[in-house]
Amino acid sequence: MAFTKNTDRADTSDKCSGATNYIGDVFFDNMLEAVTVRSPVRRGIIRNIVTPDMPKGYLTVGVDDIPNQNQVSYFRDTCPFFAPGKVSYIGEPVLLVAGPDPATVRKLAKTIHIDCDPIQAIHSLDEALKGDKPPLYGNDNVYIDETFAYGDVDGAFSKAAEVFETETRTGYQEHMYMETQCVVAVPNGDRLEIHASTQGPHALRKVVADALGWDHERVRVVQYPLGGAFGGKIELPFFLAGQAAFAALKANRPVRIVYTREEDLLTTSKRHPSRVKVRSALNSEGNIIAMDVDVVFQAGGYAMSCVMVLDTGLKKATGVYHFPSARVRGRAMATNNPMPGAYRGFGAPQTFFAIETHMNALARRHRLEPLKFKSRYFISQGNSTLTGGKYHFPVALPEVMQEAVRISDYQTRRKQVKADGRIRRGIGQALFNFGAPFSLDTSSPMPPRYMGLLKHMDGTVEILSELVDMGQGLHTALRKIVAAALEMPIERIIHHDADTDCVPEASITGASMSVVLFGRILVDAAEKLKPRLHEPGEIKVQAQVRQPEHLQWDAAKGKGDPFHSYVWGAVIAEVEVDTLTWQVSTTGLWITLDVGTAIDRRIIRGQIDGGVVQGLGYALLESMREDTMTNSLSDYIIPTMLDTPAIKSTLVANPYPPGPYGAKCVGEPPLVGVAPAIADAVADACGVEVYRLPISPEYLMQQMTKSS
Amino acid sequence: MTRTISFNLNGAPVKADAAHETRLVDLLRNNFGLTGIKEGCGEGECGACMILLNGFPALSCIMAAGAVEGQQVTTIEGLRSSPGFDILAQAFNDAGAVQCGYCTPGMIVIAYALLRDDPAPDEQTIRSAMAGNLCRCTGYAMIVEAVTLAAKRRGEAW
Ligand code: FES
Ligand code: FES
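Each protein sequence line maps, in turn, to chains A and B. Sequential numbering from 1 applies to the first sequence in the working numbering. Sequential numbering from 1 applies to the second sequence in the working numbering.
Hints are computed from structural coordinates only; laboratory data are not their basis. Glycine included, each C-beta is placed from N, C-alpha and C at the ideal position. You may find that some hints are simply not true.
From chain B, some residues computed to sit far from chain A (all C-beta separations above 10 Å) [stated by the list, open to error]: (1) Met1; (2) Val14; (3) Ala16; (4) Leu114; (5) Arg127; (6) Arg153; (7) Trp158.
Below are the BS3-like pairs computed for lysine-lysine, each with C-alpha atoms no more than 27 Å apart in a straight line [claimed, not checked]: (8) A:Lys86 <-> A:Lys110; (9) A:Lys86 <-> A:Lys133; (10) A:Lys372 <-> A:Lys277; (11) B:Lys152 <-> A:Lys648; (12) A:Lys5 <-> B:Lys15; (13) A:Lys86 <-> A:Lys130.
Can you build the whole structure from these sequences, using the hints too?
Following this line, the structure appears as structure tokens:
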């Protein structure tokens, strides 16, 4: 099956005319506006909260108004809706003020005074590791510490002829979805409705119901179009929805929380800052015999999803290589900072920056052509994974690399003269893979999850799934898959935004699993429906979510196939460095991806362009101080139209048999290789290694001064 | 303290009561229900709240409502029925320039003004003119292509 035509998305015309209603555009009768009152300090015990008398119709809502539990039940570790008597980061929610007039609510919120006895705060991952401040979590600040390894790593290091070590560091990256967080809670009889901008309607329903101590069915979540998400609307909506729910029940009125950009920047999740040490052991022929990777992520005042993000990043930390032996250890540290969380790439941008930078620096040190050097260690089909599983399917890495080299004319550009007056030119590359979806334990039965199809009386077929189109074009891709399976015109296939009263629970939308996994389940459902299409009346079918047959994963031991499938990719970047200002500008970006079968090339290109530009921002521009001074879009710089070069992308077809018509994923991979490729290009231009993101002029100048 | 403001909104004379500190974006969204105007930052950095003031692009989040007294305000809703809008919307569709759509009304408003004043802008002109409008989803290239396409198809639209 080849998908040769691009499909027009059903949502485009309303989005152009401004007719699309995001949740912030919807006004409910008698709705109250709520503003969050936050911790003014990094760490302390709350001694007293001084609240002025509330005018009639205005109220405060805090810990005491939580009917059941002050815990977001989605997370393993403590994660409260409101500060539980102590605060762990600046901006932690302490209470809400709600009332009819937003300006009055804001004024009231400003007059509330939170008195804290300060405790010595842990500012950074280094301080958390050092452990000379009172611990924030356990007795060592470590939310998670895990290791994956194979072969005799220590033995290899003890007999190595050369040991090469690098240390890379990366900072926060903010999602900067254009629509800030917004949720409305609406009491309705003995039920509660949550109208939200979320990536996980059913997960959100559970979190709210658990907090209220209600049966899940009493909560209904209605999904609205998302104004961007990128992973940033999985975790935060849990908090907002819970808080709005407590307020709505107390006031018995609809309550809305909408974040200002400042609040959103200061307090919502971001990419985890990281420090990664990579050590390689080489024998006397200059071949790598062992790779040892030590990853530390800076998590925040509460763990949130750092366990999952770190775990996923670790499983990818040896990159596209199979070494004779390898060990990857990772820790996520508690600090008194805003909580990082899920963000496109989910741990991989940090670990790929580390491994690719290490391999590129090592090649330079040995004066070897980097791609040739790296290809010695390429993973091939049948190789084992870091976790002792297997690469079951063809590995298109050599093809992807050659294609990227061809479209960028990499070899010619490499030979070009580097210096031109004060400008230096450089070209760099990075190789990556992206495993997705992550595997669930295969020895125990999966929780029952379903995707459904509903044939209406008029013959149109509706996809019953809670999967969220956050702009990435997912609903169009799923409609296309179902249309192909039913051999129906795509115009007759519908996918609405989710309503938990109408669609079954499947999953949050993220981790690049929607097309490759749930698309396949929709094909199963279509196979059930197809022979019955001619029957009169409504027909509803469901297919149970199942993992593909090749998969073996022992979750308790961390052994087996960590991911279902792998996307393979290569990025080439060309930069100019101004040696007066040390400003780096990207003059060309080329990317080749193997996404299996392409379902819609125009949508895929949108994902590639968008992901690459977020990667470019990560590499060069986006930086956030940990002291909460970065609180506006004028301080936190994302790429504009003038910062983005032409991006040329191509695809290599390598269908993945268990995927729908051979498709894999495309949402996250494009971001992952960009920063290491740009760093390599800067290193090529300047003759110094680049170990830090973003590559600021200050950092580059320091590196140049050090080397001269 | 409130005062009454009279201005021309999308071709019709209107009046509204607004407090001194009311921002134009809030007046237009809350009093007139013009929610096609989005707020992305509230500080003049993203372009999501863009409108035309006497025909020129302006940011409604950093304008006091009172500043439009006696002026002409056009929002995305006011452009909807113009032939230029149809051409732009079709081009945005064809070029795949819309993902989450939150930046899109602002992008269309500024592209509308650009194409009115410059029938055939080159890529650099488009990028410079629209650099104040942020998009986090598309990486911009497909938006630039959409505007180029609209310019090619402009006919007598402007
Ligand atoms: S909301 Fe006005 S410029 Fe961002
Ligand atoms: S399409 Fe999402 S911000 Fe532009």
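Verification of the supplied hints:
no. : hint                  : verdict
1   : Met1                  : holds (12 Å)
2   : Val14                 : holds (18 Å)
3   : Ala16                 : holds (16 Å)
4   : Leu114                : holds (12 Å)
5   : Arg127                : violated (4 Å)
6   : Arg153                : holds (15 Å)
7   : Trp158                : holds (17 Å)
8   : A:Lys86 <-> A:Lys110  : holds (20 Å)
9   : A:Lys86 <-> A:Lys133  : holds (16 Å)
10  : A:Lys372 <-> A:Lys277 : holds (24 Å)
11  : B:Lys152 <-> A:Lys648 : holds (23 Å)
12  : A:Lys5 <-> B:Lys15    : violated (49 Å)
13  : A:Lys86 <-> A:Lys130  : holds (23 Å)
Taken one by one, the earlier hints fail for this structure at numbers 5, 12, listed in ascending order.
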